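Each chain sits in its own coordinate frame; assemble them with the hints.
So the chains spell out like this:
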Amino acid sequence: MENTNEFTNEMTLVFDSRPVNEGLARVAVASFCTQLNPTLEEVADLKTAVSEAVTNCIIHGYEGEVHKIELVCRLRDSELLVDVKDEGVGISDIKRAMEPLFTTKPEKDRSGMGFTFMEAFMDEVTVESCVGRGTTVRMKKIIRR
Amino acid sequence: MNPLFTAEGSCLTIALPRELDHPASDSIRRESDRIMSRQFIRTIVFDFADTSFMDSSGIGLIMGRYRALGMRGNCVRAVNVNSHIEKLLHLSGLHRYMEIRPVPEQ
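First to last, the sequence lines map onto chains C and P. Using this note's numbering, you'd call the opening residue of the first sequence number 1 and step up by one each time. Using this note's numbering, you'd call the opening residue of the second sequence number 146 and step up by one each time.
Here chain P stands alone, though its shape is the one from the complex (with noise of 0.2 Å):
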C-alpha cells in the first residue's frame, strides 16, 4: 500500500502531500479507490497536515470519496487543516457534511 494511505479496521486515513491538486487528486483518487475495492471502509479521514496548497480538484476529491462512501454522516473527515485550505471547504459547502479539525494551536 503507497504510504499516505493507513487503513485500520474499516476507516482509511490518507495523508495528503503537499500540494492537493488536479494531478495529485487523481493520483489519489485512483489508489483510494483500489484500496476500497479490496477491503471495506466506511470512514475516510483527509490528513492536512502536511498540506499548504489546495484548489477545487481537492474539494472533487473529498466529495466524489463522500458519495462513493454512501454519503452517510461522518464518512468523511479532515484533520490538521489550515486557515486557507479551511476556506476552501467552507466556500464548497463541505463543512456542512464533514467534520473539520483545525490544525492544534502551537
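If we strip away everything but chain C, and leave its shape as in the complex, we get (with noise of 0.2 Å):
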C-alpha cells in the first residue's frame, strides 16, 4: 500500500462505461495534468494512451454492456500516475493481448494497436487481470519540463 501523503495532488473519476465517456476520460486527465506544465505534444500522447485504457473497458471488458470505469490520477513531483480499473471480463493472456495488431475483435475493425500506443507514449504501462474479476491497468508518465 503507498503513502498517499507522497502525491501532491489526487483525483478518482467513476463513470460509465459509454462510448461517449471516452471524451471525459481523455480530457479530464489533460486538465489535471496542466499542473505539471506539459508540453503540447505530451498532452496528445497522454490523451491518446488514457483513451486506449478506456476504450478497452468499455469494448474488451465490458463487450459493450454498461458498468462502471474507475480513473485515479496522481502527481508525485514530475510524474502522473494514471490507473485505470473495470470490473469486466478481465484477459486471460496479457502478453499476447499486449502484442501489436493483435486484436479479438477484427470485425469491428479494431487495430491491435491500443496497448501499442499506450507503451509508446507513456513511460510505464502494468496491466493486472484476473479472468471474470476485471482489469487495471496502471500508467506513468514523467513530464520532462
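Just so you know, these hints were derived from the structure itself, not from any lab. Since this is a predicted model, take the numbers as computed values, not measurements. Among the clues, some could well be false.
[As the list claims (entries may be wrong)] Here are the computed lysine to any residue pairs in the SDA-like style, where the Cα-Cα straight-line distance is at most 25 Å: (1) C:K105 to P:Y211; (2) P:K232 to C:K68; (3) C:K105 to P:G154; (4) C:K108 to C:A97; (5) C:K108 to P:R179; (6) C:K68 to C:R18.
[Unchecked claim] What the simulated footprint calls covered on chain C by chain P, stretch by stretch (three residues with Cβ under 8 Å from a Cβ of chain P suffice, anywhere in the stretch; the number is not a length): (7) 18–25; (8) 44–55; (9) 113–120.
The beta carbon of each residue, even a glycine, is placed where N, CA and C say it ideally should be.
Shown next as C-alpha cells:
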C-alpha cells in the first residue's frame, strides 16, 4: 500500500462505460496534468493513451454493457500516474493482448494497436487482470519540462 | 449524403472530425459502408485538416477501409496530417500502405 502523503494531488473519477465518456476521461486527465506544465505533444500523447485504456474497458472489459469504470490520477513530483480499472471479463493472456496488431475484435475494425500506443506514449504501463474479475491498467508519464 | 463525405467519380473524400475516436470511427465506418454499397469507390482520401486528436480507433477505421477496397496500392490516402497523427500512422505501420501528406507549412 502506497503512502498517499507522497502525492501532491489526486483525482478519482467514476463513470459509465459509454463510448461518449472516452472523451470525458481524456480531457479530465489532460486538464489534471496541466499543473505539471506539459508540452502540447505530451498532452496529445497522454490523451491518446488514456483513450486507449478507457476504450478497452468499454469494448473488451464490459463488451458493450454499461458498468462503471474507475479512473485514478495522481501527481508525484514531475510524474503523473493514471490507473484505469474495470470489473469486466478480464484478460486471459496479457502478453498476447499487448502484442501489436493482436485483437479479438477485427470484425469491428479494431486495430490491435491500443496497448502499443499506451506503451509508446507513457513511460511505464503495467496490466493486472483476473479472468471474470476485471482489469487494471497502471500508467506513468514523466513530464520532462 | 453527410457533409463530411464527398464522392467525386470513384474517389471518396472524408473530412474527418476534430476528434477521431471510437464513437466517431464507428459512425464514419457505417456511413462509408452505406456509400460504398451504392456506388463504386476505388479510392478513399482521409482529410485530417480539422483533426487534432486520434487514437487506435482511427487506425482501425483506415485499416478496415483499406481491406474493404481490396488492399490495392494507393487505395487509401491521408492528407493534412499533423505531427501527432503522423506519429500514430507510423507506429501502426500504415505509412507503408498509404501516401501521407503533412499539413502544409504556414
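Structure-based check of all given hints:
no. : hint             : in the structure
1   : C:K105 to P:Y211 : holds, 17 Å
2   : P:K232 to C:K68  : violated, 32 Å
3   : C:K105 to P:G154 : violated, 33 Å
4   : C:K108 to C:A97  : holds, 16 Å
5   : C:K108 to P:R179 : holds, 16 Å
6   : C:K68 to C:R18   : holds, 9 Å
7   : 18–25            : holds (count 4)
8   : 44–55            : holds (count 7)
9   : 113–120          : holds (count 5)
Of the numbered hints given earlier, the model fails hints 2 and 3; all others are met.
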